[in-house]
Amino acid sequence: MAIKVHHLRPAPGAKTPKTRVGRGEGSKGKTAGRGTKGTGARKNTPAAFEGGQMPLHMRLPKLKGLKNRPRNKVVFQVVNLDRLAELFPNGGEVGPDELFEAGAVRKNQPVKVLGSGELGGVSLTISAHAFSESAKEKIAAAGGSTTQL
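Those letters in the sequence shown? Residues 1 to 149, per the working numbering, in order.
Derived by calculation from the structure, the hints in this document are not laboratory data. Small disclaimer: the values here were computed from a predicted structure and weren't measured. Heads up, none of these hints are tricks.
20 Å max Cα-Cα, derived EDC-like pairs, lysine to aspartate or glutamate:
#1 K37 with E50
#2 K136 with E86
#3 K136 with E118
#4 K138 with D82
#5 K138 with E118
#6 K37 with E25
#7 K112 with E93
#8 K138 with E93
Construct all of the structure, not just a fragment, from the sequences and the given hints.
Structural data, given as structure tokens:
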């Protein structure tokens, strides 16, 4: 005999009747999943309620005292001398635009040249927004010049 669609049945125990919670003890009701007694059984409490403990929003300090946040702080794009010697081995003129094209700095941001590393005898004419003292000395020693923008 072939099986037909009307012979199909769900496996035993696969379908259970819906539990009607909170509809009396005869229908598995009683506490309706709220446990026994207490505030949670009788009414809802706010999500942030901490059981009477001092709440977080009241424990944290308010707007008092000094907040030393520099409003006019200048953040420089930093380039070291060894990186300059690596990017421009033939020397020449170097400015923020050339550094941007070489991928050393971001566009339209102030550039500062720092004195880490050596130029290796490469003569560069560098224009930047700021230089460290050691960078100026090393550039001049290598036969280059600095121009502050």
